[in-house]
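Take the given structure of chain A and dock chains B, C and D with the ligands to it, following the hints.
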Amino acid sequence: MPSFAPHTDEEIRQMLGDLHMESLEELYATIPVALRRTEPLDLPRDRSEIEIVEEFGRFGAANSAVRTSLVSFAGGGVYDHDLSAAARHLGSQSAFVTAYTPYQPEVAQGVLQALFEFQTMVARLFGLPVANASLYDGAASLVEAVNMAVGFTKRHRVFVSAGVHPSYREALATFGAGTSLDIEVLPLQGDDTCDLPDSLGDTQGAALVVGYPNYFGAIEDLRRAKALAAAIGALLVVVVDPIALGLLQSPGALGADIVVGEGQSLGIPLSFGGPLLGLFAAKQEYLRLMPGRLVGETRDLEGRRAFVTTLRTREQDIRREKATSNVCTNQTLMAIQAAIHLSWLGKAGFAQLARRNYDGAHYLAAQLGELGLVPSTKRFFREFTVRTPISATELVHRMLAHGFLAGIVPPGFDDRLICAVTEARTKAEIDLFVDTLGKELR
Amino acid sequence: MPSFAPHTDEEIRQMLGDLHMESLEELYATIPVALRRTEPLDLPRDRSEIEIVEEFGRFGAANSAVRTSLVSFAGGGVYDHDLSAAARHLGSQSAFVTAYTPYQPEVAQGVLQALFEFQTMVARLFGLPVANASLYDGAASLVEAVNMAVGFTKRHRVFVSAGVHPSYREALATFGAGTSLDIEVLPLQGDDTCDLPDSLGDTQGAALVVGYPNYFGAIEDLRRAKALAAAIGALLVVVVDPIALGLLQSPGALGADIVVGEGQSLGIPLSFGGPLLGLFAAKQEYLRLMPGRLVGETRDLEGRRAFVTTLRTREQDIRREKATSNVCTNQTLMAIQAAIHLSWLGKAGFAQLARRNYDGAHYLAAQLGELGLVPSTKRFFREFTVRTPISATELVHRMLAHGFLAGIVPPGFDDRLICAVTEARTKAEIDLFVDTLGKELR
Amino acid sequence: MNFLSHSAAGGRASSSPLVGDAPEPTIFELSVADRRAYSLRETEIPPMALDGIEEWLRTDPIDLPEVSERDLVAHFTRLASRNYSVDLGAYPLGSCTMKYNPKFADQIAAIDGLVNVHPATPPEAIQGWLRLLHELEGYVCEITGMAQATLQPPAGASGELTGLLIMRAYHASKGRKPSKVVIPDSAHGTNPASVSLAGFQAVTVPSGPNGLVDLEKLKALVDQDTAGIMLTNPNTLGLFEQEIQEILAVIHAVGGLAYYDGANLNAIVGVARPGDMGFDIVHSNLHKTFATPHGGGGPGAGPVAVVEHLAEFLPGPLPRPVDAGNTYTWMTPQRSIGRVHAFFGNAVVLARALAFMRYLGRDGLTTMSQLAVLNANWLKHRIETTFEVAYDQPCMHEFVVSAERLKEETGVRALDVAKALLDAGFHAPTIYFPLVVHEALMIEPTETESPQTLEALAQALEQIVATAKDDSAAVLDMPQNTPVRRLDEAGAARNPVLTEDGRH
Amino acid sequence: MNFLSHSAAGGRASSSPLVGDAPEPTIFELSVADRRAYSLRETEIPPMALDGIEEWLRTDPIDLPEVSERDLVAHFTRLASRNYSVDLGAYPLGSCTMKYNPKFADQIAAIDGLVNVHPATPPEAIQGWLRLLHELEGYVCEITGMAQATLQPPAGASGELTGLLIMRAYHASKGRKPSKVVIPDSAHGTNPASVSLAGFQAVTVPSGPNGLVDLEKLKALVDQDTAGIMLTNPNTLGLFEQEIQEILAVIHAVGGLAYYDGANLNAIVGVARPGDMGFDIVHSNLHKTFATPHGGGGPGAGPVAVVEHLAEFLPGPLPRPVDAGNTYTWMTPQRSIGRVHAFFGNAVVLARALAFMRYLGRDGLTTMSQLAVLNANWLKHRIETTFEVAYDQPCMHEFVVSAERLKEETGVRALDVAKALLDAGFHAPTIYFPLVVHEALMIEPTETESPQTLEALAQALEQIVATAKDDSAAVLDMPQNTPVRRLDEAGAARNPVLTEDGRH
Ligand SMILES: Cc1ncc(COP(=O)(O)O)c(C=O)c1O
Ligand SMILES: Cc1ncc(COP(=O)(O)O)c(C=O)c1O
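Chains A, B, C and D supply the protein sequences, listed in that same order.
1 is the number of the first residue of the first sequence in my numbering; add one for each residue after it.
1 is the number of the first residue of the second sequence in my numbering; add one for each residue after it.
1 is the number of the first residue of the third sequence in my numbering; add one for each residue after it.
1 is the number of the first residue of the fourth sequence in my numbering; add one for each residue after it.
So here's chain A without its partners, still in its complex pose (with noise of 0.2 angstroms):
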């Protein structure tokens, strides 16, 4: 057996003598003999860890990687960025990957302060005063969204935007059948943006839900969507693509409540799509009733500046059944390294990253146009839907012959294909892009 538990057969043995025990099994005495196992369980024996390692490359091995096998167009909250070496770096040190969530603040200052200045980076970056400390992805900052608007307009009626991601509508559905959520799903126009309705109906409501720019890449009008929420009482929940705020300006200004996203693309790999990063920032009405965990600055005995958990009454362990949420574990790890990355990227480099990838997309967008493939609206950031004359699913499964990875193909949909370019994509891959679709498509 490898060895993972440092106990020696001598030590074990003086162990179980203390114990006046005489065997490992004896420990087990309170678990009745009918529950306890006689057989081994059915699993292969152990390998050396060399071993695992080639074994998991060969799983790798079977699979396409961005870079390595493809050259990827795909997006839908998660994207193929260039990632920085000092984020990596810093990222996996073990005194962050390997500690616990800081109970102990006096030997955790470390993650905590990191955590405190995350929270004020996604503050700046949505325009809004105060972050929490991430959640699991996306998809659960969108529910903990809803099921915060819900608490403080203690309604159940909410607006979804049918330009938000399908599988966060779908996780929201999903946990909706717990929080008896009543969902309306409002339809996209040809542009992709949400056909905003003059009103939302004469009952009041607990939120609206748009995405900035939406799944389909387009910039919804946020301040129309503002409207016509606060028309009915209702929280207006912003689900963002958070490099789209290097150019565009911030929901929160714009008139946000809530703003959530998918924080992947602050410095976190592809991951096969997880660990992701849930971002989360409110209004400062709405503090104590935010969901996660949230650090606040302190001073220590001795007049230090110090950092601790704060506002812990509202979580679970303490508030158990009324709490509004019952995080716990969540993804402090994504957190630290997006903290890490933004600060690599800076006031200038994020601003200068959302400018390449928007002049990547409408580069792109304007090779397939030649093709005869229009985007659906010119009104987009760094991804756009365009109409396919074959099947998108078609389309997408040819083009990974060439070593692409085309786009993605909405759900329902088999005729749109959504291109998404990062910084990572340069001029020589898109023309090659767009002259192998091109050839596939004659």
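Quick caveat, the hints were computed from the structure, so don't treat them as lab data.
Keep in mind it's a predicted model, so treat the numbers as computed, not measured.
Think of the CB as a built atom: it goes at the ideal place given N, C-alpha and C, for glycine as much as any other residue.
Be a bit skeptical, because a hint or two may be false.
Unchecked claim - Which bits of chain B does chain A cover? Going by a derived footprint, with three or more residues having C-beta under 8 angstroms, they are: (1) 49–60; (2) 403–417.
To be verified - When the alpha-carbon atoms are kept at most 30 angstroms apart in a straight line, the in silico DSSO-like pairs for lysine-lysine are as follows: (3) B:K322 - D:K469; (4) A:K322 - C:K174; (5) B:K427 - B:K439.
This is chains B, C and D with the ligands only, laid out in the frame that chain A set:
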């Protein structure tokens, strides 16, 4: 330009202002005008970090790495071992990687204690009481050992077995030009062990150098070598494969005065031959002539145990032109890495590892024997020499095409192939290798 | 020119506990206008017109930090040096299973073909991932005694809610809508919270004097309106619910389902299985039992496994073999409750956990649990004269002691003992949980700590108690040797400063 | 059973400066018989007979540590936390160029196709490496103004000896055997040591009152028996040898060669070139100027570049293009002095250095040096009222101040200032070198430190001097905040304990 230095333009202006200067060029007023360049360097412009990483990825892709592209049976001082994940992780901590030589022991206990532990492990491996904190590589260790013998005996006559690594012998000759060495090479016999004469003559000598096992894999008779050396007042210098010492008796126990070797096998990647790890240990009586850094134990003001570089008066920065070694920067990080890897292997693991290497090599030898490729001796550890019916260089070339690095060809002997086996080689790999070799030779 | 306009400079390690004792400035305080760390690749893409989005354009760049890479690295290296972690020392935090995480798993988590895969990649190009996940599902099911599992929930709490929604869907499929879920008073806070979020009402069953569910009281609580029960076993007191079969029979008798909170699975892997006990739905905290690192608070992974007849409700998609097992694809069960994660859960965490299971193998996994239980029992035995053991019975992988007597005698509370332990070089145990024990110290040594470490921990506890009796003020003044000392936590909550801009 | 037989246990972080203040046990003290961390792969190779080597077999296994992986990781993590490094803070160690090492270079050093290549791989299968090394040679030659270079020397001192052996071979090729090499009194210790090891006699030329080589004294020293001169420029006082052309002319006039010790190249990259100054042989410390990390004392890399007519003496093999540059192969010059490394030098360090050069590029490399010089001059200016500047002239990338006045006034020596700086959160400068300045503090801030850091360093120095004047005993008692305090160094040398077994 990538942002390596932190200075903003404004700060540069202010700092120059404080110095009453207007431009950075003025800083160089003390350099004669004729020497100041007016043209920029004839080098390419800057690139982003991601582009550099990708560019070096392309350099890497143009090489055949072991495991990814080649199954290796090459040795000659550096071997394809399995590396422990723990040693990799621990050795790459920035506190070790980005520190300097421990000149301020109060803030360098980490490096110092790790080196003390390394010294202890090397001393125990070699069976000698004192070891230093590393030299550049096995070749440098041999050169320093001979210099030390010369310094101790005040003689220049050195006998070197032809079984010592040819590159080490070449380095000895190179540096021996400066120290006026009088080197005599002792030839090998048919079984690739040194053809030790009955006597080394009547003149007193400085050193006799033999390998254990030697370059061709053969285990030399150290007891006889010791007797021969002693007879002319010379020191016995032994060049070891440290892994062999998990199975074989320590050279110290067999009479060696100085033992040196290449430590790459102790947890250092192949690294295209560098950075490596020069090992060096000696008897107590040579302590004050030892080259390189030595870490010793002491106490701090408060009586706590602590470590410090000691016996510094031997070193070049104090002894200057009278120093017997000029080494300053050494291979500390590799020494720490080796100490960690050896601790991971531990007492039992190291013995088992050595045995696995032995078993693998003897298994390969047995299989090659079936093809008529019989090792020059049965008395080898994990490396052995066979005579090839065709040019060995040609054979290596052909085997490369099949994904094998078949071994090394000793310079000047194109009919010989030296094969090495480590614990990383499986029976299946060896069987396929022998099979393929058989087909190439048929 | 004096460049030191703010509290401290980047190049000084004064904030590190290694040298100096000043606090570390925030990254914003280290910022200087126009300083930067980034470099972006040359793409050769021309600037494109900003037509049609003029009205949405930001006018000022976001006020992110402006630091050199050198100061960035120094800052976060110093922050790391101000943080305790498993890699530094023992972390006997009850209920959290802070075991050592073997380093080879970091290599697994860095494999290009695993970590750099987009989740929207078509199944044909992710066969490795599908196989890996399916294999992990098999391990989870074999260990828990269940039939099928979803790997989507990214943490234990998410698994709980997923499981409870399955419970809900199950009842709905039978045309029923029971409203209550029973939980014991010793339950972790996530349990009642999840029950509420799943639309049920949490009904608390008290523990008996032996720390176990009081079967009679349970019977009195349960009726046709009971959707099910939620239990950890061993429970949060570290005790095995000996009447578990009887308890679950009570629930099943009214058509309810039994949910197993796997946070304490580390006690019984290979020894007993929730499925064999009669549980219907089981989540496992892979970040606890299967040694994926906790990351300062996450990410985790909380797969939910169910008995066969509940499999149709699992969230989709699930990785499933086709073509006689040669190929894998995604399939979503017919009556799936729907997704609970944007993609497939914390995939890289899942890979780490499978790697750990493969490493230990059949027998190693069982030994792991046995030694976790051995360590807990030995340490309990070792300190039973120092602190009152809450329940004097053999424990599983953790146990609870009370500092109540100490508090009465000396004024030193569980909190103070915890703080004093920090000075002794240990992380503190969990305190004030479970709620049923006053001045609780919940100690979980885990199997990766050696007997020598347990002895040192016991001696440290003895020393603290001795000091408390001798000079209680000294204990109240601890910790002294930590990067900061006790904090004004009340002040932090009274006047919350949650961002750099939130100071008043 | 009391398991704590030795000084401390593995699972307690008491030895870490983060918590507690005890020293860390050695890995041997943490060992327990039969404990282990390793796991070895299954190879399926049968045990083979040990025929013929019976007499050589070891009877007892080597007494290596016996620890769990958990304790191994804790031990070396704690050791790391007891070490200062550039990543934590400023390291103004004169002559050592402790600049920040950009993190992307760690990724370069981990590229499979670079790091996992056996040096005996035939040229056809290492074209990437050969191209990389050849490209680096080009950079080194362009920067130093030389024609060809060997990349073999694994450090600066090895480069020196290599260069001096080339000098020797050159003279021998002319049928001459001159015996003397001139070095200035301010030279680094490796220079005279290398001169002796190359079989020459070191002849010292004194510095003038301006810290520069005294040209007249040099002329008096030099004759037909002079093989050459060895200089750093800027010299170890941080001063540029303004009469360098005249100095080298004196040497060249007698047929001698001029060797440039590149340890101080960081001052002048892109600004001035040793080749243009008239040097014939130049080594560069890539671990200094080109930001490869120092690794606690190594590995480094010290390529030696030479003018065209000395290229025939370079150690072989050298990477050289063939087939019109489409392919590379190894070539050894006709009159090569022979190898100076077992293989091709510290290849992975070389790759890091090239990556750094490619990253900064033409202009960035020049700016790097300019800012290093700016920082040094600004800091010198900033502290010139606090300490006596040894030579009151514009400096290059470093400068030397003297604590002699302070010592006279207060008894506080350069050593004490260094120790006090540790308490202030900085690494200390180099002290007592160069030998020509009494109570020398040799300060090299490097370009990666910000003006804010320089200001903080200046303030820390001011504070130390103020404290010295006020209460010198307080300074003599520093450092207080470091993992250990001042050591008994004399005792360590008097009674050397160099291994665990060497204690008496
Ligand atoms: C008993 C118990 N249940 C549930 C949880 C929640 O798990 P997670 O933190 O992964 O959401 C925990 C976590 O501490 C726990 O200890
Ligand atoms: C001026 C000078 N020359 C030579 C050297 C020796 O270089 P290395 O340590 O790389 O051998 C040094 C190193 O500190 C130095 O400062």
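Quick rundown of the hints versus the structure:
no.: 1; hint: 49–60; verdict: holds (count 3)
no.: 2; hint: 403–417; verdict: violated (count 0)
no.: 3; hint: B:K322 - D:K469; verdict: violated, 40 angstroms
no.: 4; hint: A:K322 - C:K174; verdict: holds, 28 angstroms
no.: 5; hint: B:K427 - B:K439; verdict: holds, 18 angstroms
Of the numbered hints stated above, those contradicted by the structure are hints 2, 3, listed in ascending order.
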